[in-house]
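Guided by the hints, dock chain B onto chain A, whose structure is given.
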Amino acid sequence: MRALTRLVSALLALAVAGAGGLTAAEVLIARVHWGWLPDPPLVVPYNTWLRELRAHNWSQDLPLWGSIGGIVVGMLLLLLAARSHERRVPLQSSAPDVHMTTSRRSLAHVLSTAAKQVEAVSDARASVGRTTARVRATLRLGDPDEVRERVRAAAQSRLDGLPLARRPRLVVSINDGRRYR
Amino acid sequence: MRNRTNRLDRILLVLLGAVVLLAGAGGVLLRLGVFGASWKHRPIIEQNTTDFFNRHESWLWWAIGGGALVIAVLAIYWLIVQLRTERIGNVDLGPAVDGENTLASSALADAVRREAENVEGVARARARLVHESAQPQLRLAVALREDADLGAVQRALDTDVLAHAREAIGRETLPTWLRVEVDATEAPRVL
Numbered sequence: 001m002r003a004l005t006r007l008v009s010a011l012l013a014l015a016v017a018g019a020g021g022l023t024a025a026e027v028l029i030a031r032v033h034w035g036w037l038p039d040p041p042l043v044v045p046y047n048t049w050l051r052e053l054r055a056h057n058w059s060q061d062l063p064l065w066g067s068i069g070g071i072v073v074g075m076l077l078l079l080l081a082a083r084s085h086e087r088r089v090p091l092q093s094s095a096p097d098v099h100m101t102t103s104r105r106s107l108a109h110v111l112s113t114a115a116k117q118v119e120a121v122s123d124a125r126a127s128v129g130r131t132t133a134r135v136r137a138t139l140r141l142g143d144p145d146e147v148r149e150r151v152r153a154a155a156q157s158r159l160d161g162l163p164l165a166r167r168p169r170l171v172v173s174i175n176d177g178r179r180y181r
Numbered sequence: 001m002r003n004r005t006n007r008l009d010r011i012l013l014v015l016l017g018a019v020v021l022l023a024g025a026g027g028v029l030l031r032l033g034v035f036g037a038s039w040k041h042r043p044i045i046e047q048n049t050t051d052f053f054n055r056h057e058s059w060l061w062w063a064i065g066g067g068a069l070v071i072a073v074l075a076i077y078w079l080i081v082q083l084r085t086e087r088i089g090n091v092d093l094g095p096a097v098d099g100e101n102t103l104a105s106s107a108l109a110d111a112v113r114r115e116a117e118n119v120e121g122v123a124r125a126r127a128r129l130v131h132e133s134a135q136p137q138l139r140l141a142v143a144l145r146e147d148a149d150l151g152a153v154q155r156a157l158d159t160d161v162l163a164h165a166r167e168a169i170g171r172e173t174l175p176t177w178l179r180v181e182v183d184a185t186e187a188p189r190v191l
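Sequence order for the protein chains is A and B.
Mapped onto the working numbering, the consecutive letters of the first sequence carry residue numbers 1 to 181.
Mapped onto the working numbering, the consecutive letters of the second sequence carry residue numbers 1 to 191.
What the hints contain is simulated information worked out from the structure, not anything from laboratory work.
Every residue gets a Cβ at the ideal spot worked out from N, C-alpha and C, and that includes glycine.
Facing chain B, a subset of chain A residues (Cβ under 7 Å, in silico):
| no. | residue |
| --- | --- |
| 1 | R2 |
| 2 | L77 |
| 3 | S84 |
| 4 | L162 |
One chain only, chain A, in its complex shape (with noise of 0.2 Å):
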């Protein structure tokens, strides 16, 4: 994700120096009349543009279309942000120079598997956020309650050998799965 987030703001800075020298440019040739520099417009038609925009009004397609471009790209941008920020879970260290981390994806694939090691469970998955990690059993068979607390109990202990900087508070839900059945 990093990857293509470094390549999008490679073409968007290019794209954005692009259209601003191009509009300095502009609108040097267009003010001053020095006679080694060309006629305005150098290479952007923006009297036609204007004039384009001047016959249509807001209830036609042309501004119509634009503007749901406009939406989809600001969405995209914006979850393409929201998707590069990595999260990481701050690790202890032994040593005063070492900054151990691990994502939050590693720790709830430790937390899904320690439940599913449980017997009674058929499927688990987890979730950690800033501070709450969440754990879903699917039960497969025996009392909900009781395999409830032995999934806490897996879950914790794996919590607890884990050199955690911060332990976040542990959730754990239970599916019975058997009514599907």
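Structure of chain B alone, referenced to chain A:
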């Protein structure tokens, strides 16, 4: 030591994304008549706007041109940041009799990677040296096997791998960014 490029990218992507999204939403709301039924029949550039530009043309166009130039320079800086790499080619080992002692950072990174992969519980590792030749920093990413004991891996990395790396460059400290992934289905990326 955080990835500043990624943070800058995110800030600017959010900024640009929000501007484009709000402009698009404004256009759609105008079309829907949210700001009044008369708005949607008005031209995109009205006569009032043209008159305003004509009235203030002595300074307004210069301000627009200057603003555009500033934005272009900032965008070029943003582009340069994308092309910049933190990786260093050599590590300075200090003065020698006839010059400077240096060590190829790729050789050190390769040695660190190999030793890390020999630690019990480590499936794969990647290493690279970043920052400055005189003040190197190590970025090490290790992917652990499911049954790995993270505490034991951490101790082995610190007492063996990182200690040997510090020894190799003759320093008491080597700032290290250690990324540990437990669900080692693919090699982790060194960032």
